[in-house]
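I would like the entire structure built from these sequences, with the hints used as guidance.
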Amino acid sequence: MLCKTFLLRKHSKAKPQAALAAVLVLLGLLTGCKPALVLTYHYDNYRSGWNHDESTLTSAKVLSSFGQLYNIPLDDQVDVQPLIVPIVDVSVGSKTGVHNVVYIETESNTIYMIDAVKGDVLYSKNLGTPVPTPLGCNNNGPNVGIDGTPVIDSKALTMYVITYTMEGGNPTYRLHALDIGSLAERMPSVVVTASHTLSNGTTFNFQAKYQRQRPALLQANGNIYAGFGSFCDWGGSNSRGWVLGWNASSLSPLSANQMNDTQVSEPNGQFLSSVWMSGSGLAADSSGSVYFVTGNSDKSGTTYDGVTNIQESVVKEASDLNKVQSLFTPADVATLDQGDTDFGSGGVILLPKAFKQDASFGAAAGKDGNLYLLDLSNLGGKSATGIGGTPVSVGGCWCAQSYFYDGDLHIVSSGGSNLILWKLQTSPSVSLVQQATSGSIGGSQDPGFFTSVTSHGAKSSSDPIIWAVSRPDVAGTASSPGPIYLWAFKGQPSGSSLTQIYKAQAGGWYTPGDNANANLVPVIANGRVFVASYKQLRIFGLN
Amino acid sequence: MKARLGIITVVLIAALGVAPLLSVAAGVVSRAQSNAAPSAETHHISGIVHKIHGAEFSLENRNGQTMQVDASPAIQADQCAILYEGLAVSVDGTQDKQHVLHAQIVNRIKSSRAMWPADK
Numbered sequence: 033m034l035c036k037t038f039l040l041r042k043h044s045k046a047k048p049q050a051a052l053a054a055v056l057v058l059l060g061l062l063t064g065c066k067p068a069l070v071l072t073y074h075y076d077n078y079r080s081g082w083n084h085d086e087s088t089l090t091s092a093k094v095l096s097s098f099g100q101l102y103n104i105p106l107d108d109q110v111d112v113q114p115l116i117v118p119i120v121d122v123s124v125g126s127k128t129g130v131h132n133v134v135y136i137e138t139e140s141n142t143i144y145m146i147d148a149v150k151g152d153v154l155y156s157k158n159l160g161t162p163v164p165t166p167l168g169c170n171n172n173g174p175n176v177g178i179d180g181t182p183v184i185d186s187k188a189l190t191m192y193v194i195t196y197t198m199e200g201g202n203p204t205y206r207l208h209a210l211d212i213g214s215l216a217e218r219m220p221s222v223v224v225t226a227s228h229t230l231s232n233g234t235t236f237n238f239q240a241k242y243q244r245q246r247p248a249l250l251q252a253n254g255n256i257y258a259g260f261g262s263f264c265d266w267g268g269s270n271s272r273g274w275v276l277g278w279n280a281s282s283l284s285p286l287s288a289n290q291m292n293d294t295q296v297s298e299p300n301g302q303f304l305s306s307v308w309m310s311g312s313g314l315a316a317d318s319s320g321s322v323y324f325v326t327g328n329s330d331k332s333g334t335t336y337d338g339v340t341n342i343q344e345s346v347v348k349e350a351s352d353l354n355k356v357q358s359l360f361t362p363a364d365v366a367t368l369d370q371g372d373t374d375f376g377s378g379g380v381i382l383l384p385k386a387f388k389q390d391a392s393f394g395a396a397a398g399k400d401g402n403l404y405l406l407d408l409s410n411l412g413g414k415s416a417t418g419i420g421g422t423p424v425s426v427g428g429c430w431c432a433q434s435y436f437y438d439g440d441l442h443i444v445s446s447g448g449s450n451l452i453l454w455k456l457q458t459s460p461s462v463s464l465v466q467q468a469t470s471g472s473i474g475g476s477q478d479p480g481f482f483t484s485v486t487s488h489g490a491k492s493s494s495d496p497i498i499w500a501v502s503r504p505d506v507a508g509t510a511s512s513p514g515p516i517y518l519w520a521f522k523g524q525p526s527g528s529s530l531t532q533i534y535k536a537q538a539g540g541w542y543t544p545g546d547n548a549n550a551n552l553v554p555v556i557a558n559g560r561v562f563v564a565s566y567k568q569l570r571i572f573g574l575n
Numbered sequence: 002m003k004a005r006l007g008i009i010t011v012v013l014i015a016a017l018g019v020a021p022l023l024s025v026a027a028g029v030v031s032r033a034q035s036n037a038a039p040s041a042e043t044h045h046i047s048g049i050v051h052k053i054h055g056a057e058f059s060l061e062n063r064n065g066q067t068m069q070v071d072a073s074p075a076i077q078a079d080q081c082a083i084l085y086e087g088l089a090v091s092v093d094g095t096q097d098k099q100h101v102l103h104a105q106i107v108n109r110i111k112s113s114r115a116m117w118p119a120d121k
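Going line by line, the protein sequences match chains A and B. In case it helps, this note's numbering puts the first sequence at residues 33 to 575. In case it helps, this note's numbering puts the second sequence at residues 2 to 121.
No lab work stands behind these hints, which were simulated from the structure alone. Where hints are given, some of them may not hold.
Said to hold, decoys possible - Computed spacing ranges between beta-carbons, pair by pair:
#	chain 1	residue 1	chain 2	residue 2	range
1	B	GLY55	A	ASP440	50 to 60 angstroms
2	A	ASP107	B	GLU86	35 to 45 angstroms
3	A	SER415	B	ALA115	36 to 46 angstroms
4	B	THR43	A	LYS150	27 to 37 angstroms
5	B	GLN77	A	LYS150	52 to 62 angstroms
6	B	ALA119	A	ASP107	18 to 28 angstroms
7	B	THR95	A	PRO105	51 to 61 angstroms
8	A	PRO544	B	GLU57	24 to 34 angstroms
9	B	GLY55	A	VAL124	56 to 66 angstroms
Unchecked claim - Covered by chain B, according to a simulated footprint, are these stretches of chain A (three or more residues, beta-carbon under 8 angstroms):
#	stretch
10	162-169
11	369-377
To be verified - A short list of chain B residues far from chain A (calculated; beta carbon distances all over 12 angstroms):
#	residue
12	GLU42
13	HIS54
14	LYS98
No residue lacks a Cβ here, since even glycine has one placed at the ideal position from N, Cα and C.
Following this line, the structure appears as structure tokens:
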């Protein structure tokens, strides 16, 4: 209640100034209330999906007095996760002053600043004409604009976002650095360009027409990083998986970049080795290494060598992008390539052994549903197992895992249509022990979905709640998109089951062709739940 | 040979089962009809990939009927999904006199038929 009061009171001033914001932050700290910031995909660079500072939404209150508060119309589909800054001095629009702001970006390249408490649209800004159905690929919405979740630097008060725009008839990516109070450009945006040397010494250039910037952006080491894949695996001779980086202060590109396939020729010309991860974010550990997962390459299944082509792999990359430090590739990489069974359909999470420790393990699953547990100090190379022995089966994963700590570390997998709660066991050997499952949450797109976890602290009494958004069961129409649902489950199982405590429609998804797999990531902060989908943002909270 | 082609044509057309595609009723076709000029209209058919031979494959549509697809144009235009048996795809293309669908675009689609867009 204290936190809620704190958050509501800060809107009472007609024209609060930055100094007031500072006072409010101080008051918050003095009262023990820590308003949660959501500055990046899945809350942190480990991509935990866990907000352990949620004191308002207890399982009892969700059961008794929780529901939808607002439904805010937007101009296009949303494929990114909402980001939240609870104290922003908004200097534009008709409601200037300090607000608790949720930032939403659409495939029309529009950025919305919305009051997270009252649901008011404070300001919106369009950053250019999006690219309609790139290459004719329908594995996305009718437009592709802002497709990867931006990242916010709370100290610099800057949002970094990549737009996809038509410029002179050419699809173009631009990296922007925007003031979070006005969305004004802090410096000129930069066009994304890159080149890399192939294994025969020739140069291969990044071609925006053939690359899809889908993974969430990463800020680490003073840099901004972005991953790129393909549209529908098309144009495989021109499309290759890239990870690019820029200095966050200047937007100057790093001198090196990562291109996952540097081979000169392949039997079917499908180089790819894309970085897409169903929209999950590139991850980083405390030493600055960058992690991502790659997708399929040539369907011949003959092109993997772990050096010039690193498809179907979890990759640990040096912070300056000049070296692959380690990788893990499932032993059946050839079969994965032959069946378009991308390992890289899922994201990778980094796991500490205990709360607030540095990450020691990684976990990733892809289309075949095998969840591998990895040792971050040495990912293991080409192997059938990973550190945890035989991988556990979580269901096909166009998804990413979450985790939380309550005395034990738990992974929440979301492959197929079911949640599975796992306990990370570190002694006598490292393994995942299945604890409980949920019932099916539906969804007729490709398997998998996204989750987040909230709790009040990290102890056994912290009342964890697992939140999920199901993908649609029907295609729907533009005016009546197929419904999607917000679900909540108690994170402490009842026997071998996860107890459902909430379900309600949370938006819709329009599938005119294929329209990918909805990147529907629930975000919870400061007593509110945010779900952005096709042309709408719904905000839930206590009634 | 002609008779064999005719049988194949009848089987293919009967297998299509997509009313707007065909100028036949109830899977019965005359020789005159089978030799009719192909429509320049682009069709959009969803189905499951079976029996891949090079750039050609058979496509089982939502009604369980099978048609032949030549994906060469889509492959040459870099607008073809990586094909494997069991994959759900949508095909945009035009038909020839033998009712082979020449694909300009082959898109991967959801495996759930409830998510497939309408054929046309």
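Okay, the hints, checked on the actual structure:
1. B/GLY55 to A/ASP440: 50 to 60 angstroms: holds, 54 angstroms
2. A/ASP107 to B/GLU86: 35 to 45 angstroms: holds, 41 angstroms
3. A/SER415 to B/ALA115: 36 to 46 angstroms: holds, 38 angstroms
4. B/THR43 to A/LYS150: 27 to 37 angstroms: violated, 48 angstroms
5. B/GLN77 to A/LYS150: 52 to 62 angstroms: About 55 angstroms separates the Cβ atoms of B/GLN77 and A/LYS150, which means 52 to 62 angstroms holds.
6. B/ALA119 to A/ASP107: 18 to 28 angstroms: Holds: the Cβ-Cβ distance is about 26 angstroms, inside 18 to 28 angstroms.
7. B/THR95 to A/PRO105: 51 to 61 angstroms: Violated, since B/THR95 and A/PRO105 (Cβ atoms, about 39 angstroms apart) do not stay within the stated range.
8. A/PRO544 to B/GLU57: 24 to 34 angstroms: 28 angstroms Cβ-Cβ, so the 24 to 34 angstroms window holds.
9. B/GLY55 to A/VAL124: 56 to 66 angstroms: Holds: the Cβ-Cβ distance is about 58 angstroms, inside 56 to 66 angstroms.
10. 162-169: holds (count 3)
11. 369-377: holds (count 3)
12. GLU42: The claim holds: B/GLU42 sits with its nearest Cβ about 18 angstroms from chain A, beyond 12 angstroms.
13. HIS54: holds, 15 angstroms
14. LYS98: holds, 26 angstroms
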